[in-house]
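Undergrad: Read off the chains here:
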Amino acid sequence: MELHLIGLGKAVFIWGLSLTMIPVLIWFERKGSAFIQDRVGPNRAAVLGVRLGGFIHNIADVVKLVMKEMLVPSHVNRWYFVIAPFLGITVVLFAFSVIPWADNLRFSDWNIPMQVSTLNGGVLFILAITSLNVYGIVLAGWSSNNKYSLLGGLRSAAQMVSYEIPLGLSIVGIFMVYGSVQLNEIVRGQGELLFGFLPRWGIFVQPLGLILFMVAAFAETNRNPFDVPEGESEIVAGYHTEYSGVRFALFYMGEYVAIVLASAMIATLFFGGWQVPYFPTEKLVAHAPVVLKILLGAGTVVSLVAGLLCLGYDKRLGHWGDLRDQEGKILAVVAFVACAAHLAGLVFLWGKELPAWGLATVATAAQFGAFIGKLLFFCWFFIWVRWSLPRFRYDQLMRLGWKSLIPLAFANIFFTGVVLVLIDRFRS
Amino acid sequence: MELIVFYILAALAVTGAVVMVTRRNPLNGAFALILSLVSVAGLFAMLHAEFLFILQILLYAGAIMVLIIFTIMLLNLSKEELREPPVGRIRGLIILVASLVGLLGFIRVFRGLPALQAEVDPAFGNIEPVGELMLGNYLYPFEIISVLLLVAVVGVVLLAKKVI
Numbered sequence: 001m002e003l004h005l006i007g008l009g010k011a012v013f014i015w016g017l018s019l020t021m022i023p024v025l026i027w028f029e030r031k032g033s034a035f036i037q038d039r040v041g042p043n044r045a046a047v048l049g050v051r052l053g054g055f056i057h058n059i060a061d062v063v064k065l066v067m068k069e070m071l072v073p074s075h076v077n078r079w080y081f082v083i084a085p086f087l088g089i090t091v092v093l094f095a096f097s098v099i100p101w102a103d104n105l106r107f108s109d110w111n112i113p114m115q116v117s118t119l120n121g122g123v124l125f126i127l128a129i130t131s132l133n134v135y136g137i138v139l140a141g142w143s144s145n146n147k148y149s150l151l152g153g154l155r156s157a158a159q160m161v162s163y164e165i166p167l168g169l170s171i172v173g174i175f176m177v178y179g180s181v182q183l184n185e186i187v188r189g190q191g192e193l194l195f196g197f198l199p200r201w202g203i204f205v206q207p208l209g210l211i212l213f214m215v216a217a218f219a220e221t222n223r224n225p226f227d228v229p230e231g232e233s234e235i236v237a238g239y240h241t242e243y244s245g246v247r248f249a250l251f252y253m254g255e256y257v258a259i260v261l262a263s264a265m266i267a268t269l270f271f272g273g274w275q276v277p278y279f280p281t282e283k284l285v286a287h288a289p290v291v292l293k294i295l296l297g298a299g300t301v302v303s304l305v306a307g308l309l310c311l312g313y314d315k316r317l318g319h320w321g322d323l324r325d326q327e328g329k330i331l332a333v334v335a336f337v338a339c340a341a342h343l344a345g346l347v348f349l350w351g352k353e354l355p356a357w358g359l360a361t362v363a364t365a366a367q368f369g370a371f372i373g374k375l376l377f378f379c380w381f382f383i384w385v386r387w388s389l390p391r392f393r394y395d396q397l398m399r400l401g402w403k404s405l406i407p408l409a410f411a412n413i414f415f416t417g418v419v420l421v422l423i424d425r426f427r428s
Numbered sequence: 001m002e003l004i005v006f007y008i009l010a011a012l013a014v015t016g017a018v019v020m021v022t023r024r025n026p027l028n029g030a031f032a033l034i035l036s037l038v039s040v041a042g043l044f045a046m047l048h049a050e051f052l053f054i055l056q057i058l059l060y061a062g063a064i065m066v067l068i069i070f071t072i073m074l075l076n077l078s079k080e081e082l083r084e085p086p087v088g089r090i091r092g093l094i095i096l097v098a099s100l101v102g103l104l105g106f107i108r109v110f111r112g113l114p115a116l117q118a119e120v121d122p123a124f125g126n127i128e129p130v131g132e133l134m135l136g137n138y139l140y141p142f143e144i145i146s147v148l149l150l151v152a153v154v155g156v157v158l159l160a161k162k163v164i
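Chain order of the listed sequences is S and P.
Our numbering numbers the first residue of the first sequence as 1 and each following residue consecutively.
Our numbering numbers the first residue of the second sequence as 1 and each following residue consecutively.
Just so you know, the hints here were simulated from the structure itself, not pulled from any lab data.
Check the hints yourself; a few may be wrong.
[What the hints assert, rightly or not] Straight-line alpha carbon distances no greater than 25 Å define the calculated PhoX-like cross-link-like pairs of lysine-lysine that follow:
#	chain 1	residue 1	chain 2	residue 2
1	S	K283	S	K293
2	P	K161	S	K10
3	S	K31	S	K283
4	S	K64	S	K31
5	S	K293	S	K352
6	P	K161	S	K403
Here chain P stands alone, though its shape is the one from the complex (with noise of 0.2 Å):
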């Protein structure tokens, strides 16, 4: 049952994307995306990791993916102005394939595959462990973290706005 589960959700963030990078107009990238997103948030949840699987959602699928289809919707770019790929499909899809298995093959020999049941700490992943962290082992990179995004959105704010 999780095994079919897992496999359908593998399936679905693989084609995501697949499909996003191949699509020529940019929303349907973006909502590939989005598919793709939202099925890796199925696997974290799969992995016991809600609070993961919650922010996943929230952060990436519920807010940036909004904020880059509102930009493409802004821009509303006619076909005309849609280059062609530089690759080709035939030969775009031999690379990935060939990729693929270079990749796999590279893993099965240097270092062996994982063991497909890995037992996990029931509380890993979830809020309190993950506030711990956060707020306690790594205070300092947190606050300086955040100090930096408030520094990037003032930086913004001042190259956006003509007067202020």
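So here's chain S without its partners, still in its complex pose (with noise of 0.2 Å):
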């Protein structure tokens, strides 16, 4: 009963994060491309004169889509036209339930793994939902009933299965590295340490391997400079040119949910997933107090320094001549509030003996932080990747993955494969 009721808690904690992280990104995107493009950026919409930096946007985004008509052209076929929405983003949700998050919380005698599902597919069960991934897109440019949103719907089609080759191709040189598919044995392998100081994250030991994900996973995405299926300068908006309100919201839920797995795998696989560097789980366990004292005095500091420059943000007082000119007041109210939070919580845990689970609840809150400072950072690189790109051309994206990834990808196994052999001879 207990762990049906931790499997459900895991299950809705990695659903909310991935659905939380959409706002997230679209706020990452708008001023992104704001500073990118050396513009301001959403700096409007406001909630009692609260900004948050564009943020708020979001809430005004989603009161407009749901207040649109969801609008079913006459000439489309219907059902396919209205379940196409819904496939994409419930297909690349379900991949989340092998991401892990944090090592293993253990204590007396209980072991949880933090992931959904530790199946014995691991990576390979990603790889399969994420290629259903394309139906949605297929569907909802055939259903759609014109030519350019076929065209959108079949250009997708071949890009995903042109690309998926190398996707899976290019981390069998992780699988033959770390031994194994299962994504929380890889991460645990990471933590290991390379010639004595480099951590043995993926980067370091498959370099090549890297890129090829890296660009093999931008093209699953649908994202610059792979986007041709929406290719506006070319097809109108491609598969999603007849969908209105929610149901081209979803759309656009999908693909950033999309970005968060392929961000989650580019730091799981490559970057050491939920390993601190150069702190591996027993050490973090052992070490705990120590830990949490850093994380609540950073807290403490940040929430400072954020209070004290959002005091300094004030002196356009006047400016706009309402709420918002309290803007600054507010946050740093807030910010004080947090700095207080962290100082008490400093205060109260000063030289006291922590329990055994306590322990190992700091360890894996601070694998979790490290987790999702990586998540964030390849999510934020693959916004400043769109706005510093071209698109590609359609027959430069098939060369590109047929003629260079692939044989790239087999040159990288090959050279694994000969590098272990000759370490293992070597050894023995």
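With the hints as a guide, bring the two chains together.
TA: Pasting the structure below:
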């Protein structure tokens, strides 16, 4: 019974986490594109004067999309047209079930894996599930019953099938190095040190694999520079030309969740996942009181600085002439409350003996923080690339996939195998 | 609990298969086939053959069916091009039910129905045993099949391309 409850809790947690990342990513996209193009970006939508640097725009977005009419044109295939937007996002959310966000939580006789399912297939499960992702787009393109949408759907189908091959082949090297296809095992293998000082992360043992995987992941998520299925300069908006309202929003949510998934996979396979560099789990648990003090102390300092900065922001007092003038003060109050809470926690826990479950939880929290940090960085990386690179032409995209990535992936597998055998010989 | 999931998956698999052969529009048939394949994959997962479950989705539902749908969409058949089914609906249903009952009766009489719960090795159908079989016991057949596939791929490219 408890196991079922824990499993349910974990499923709800990862589901909520992946959906929560959508507004964060939209905010990244808006503010990031503004930053790269030297603009200000969204700064108008406000709740009681608080704008959070444009973050409140997400709420305005949702209200707008929900209020809009969900138009179903008369010439479409109604059943497929309605079901297509749901397929994309449902399928991607499935794949999160094997992503680990911390090491197993061990105390007394508990050993709870911090992933929803410890499936034997591991990474292969994610590959299998994401290969179903194409159906949403293909169905939308076909059922819309117009030439541009059909072209978008066709492009997407061809692109997904082509780039699945390098995507799968590029991580075979990782399987060979860490000797497992289970994500948790791979991450554990990345906790060791290489030559005594370098973390044994995927990026250091499989640099070519990382590049191949990243390129293929960009193509699989239909992101720039590979977003030809919705190339607006050629085929209007591709597969979602006929969609409006919440159905249109579902396509975008699916795309952003796919980005989160791809970032989680890059972080997990090549950047140590939940590993805090140089601090394997046992060390973290052993030093948990110190880790807790560092975390709380850092929280105190950061929120104090943030509060002071928010007060300084107040210098444009009277510029707007409404509640927005007070934004700096409101945010400063929130920051100071957070600072006080961290400080109170620090004082309260200073010199106290933590129980076993407390130690384990602190270690898990630190690892979860490391994972989220890496995840957010790669989410930002996706947006960074989108606003920096132009789109490929369709034939260039196919040539890159089949003539460059696949041979390179094979060469990578062969080279990895040779090196592994040589190391084995050298040792014995 | 397991029995309920099994019946749902089995019903979906059979429904998908039946819908696949009865629809006139090939795209409807293709999607019904996907439903059937995914349900069979679910049955594999219930048997703890997790690797088979993943391969079923990855290869059949994820790759092969995408190519089939790609072809159907490229052909973009109009309604007039679709032929009437050779057998009427009611007659087809009668044949289907009769053959199903006949098959079950045949198995019941000559072999006896298998036990409802069979013991399976927990490692059955996982990656390691499958890999050991493919690259150990059956290495030569495996390699010969891969050469055969390569020949097929090269042949298709030769046939399709006018100038090489």
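Undergrad: A separate judgement is required for each hint: does it hold in the structure or not?
TA: Going down the list of hints, with the structure as the test:
1. K283(S) - K293(S): Cα-Cα ~15 Å, so holds.
2. K161(P) - K10(S): violated, 52 Å
3. K31(S) - K283(S): Distance ~38 Å between K31(S) and K283(S) Cα, so the pair is violated.
4. K64(S) - K31(S): holds, 20 Å
5. K293(S) - K352(S): Distance ~11 Å between K293(S) and K352(S) Cα, so the pair holds.
6. K161(P) - K403(S): Answer holds: K161(P) to K403(S) is near 17 Å, not above 25 Å.
Of the numbered hints stated above, those contradicted by the structure are hints 2, 3, listed in ascending order.
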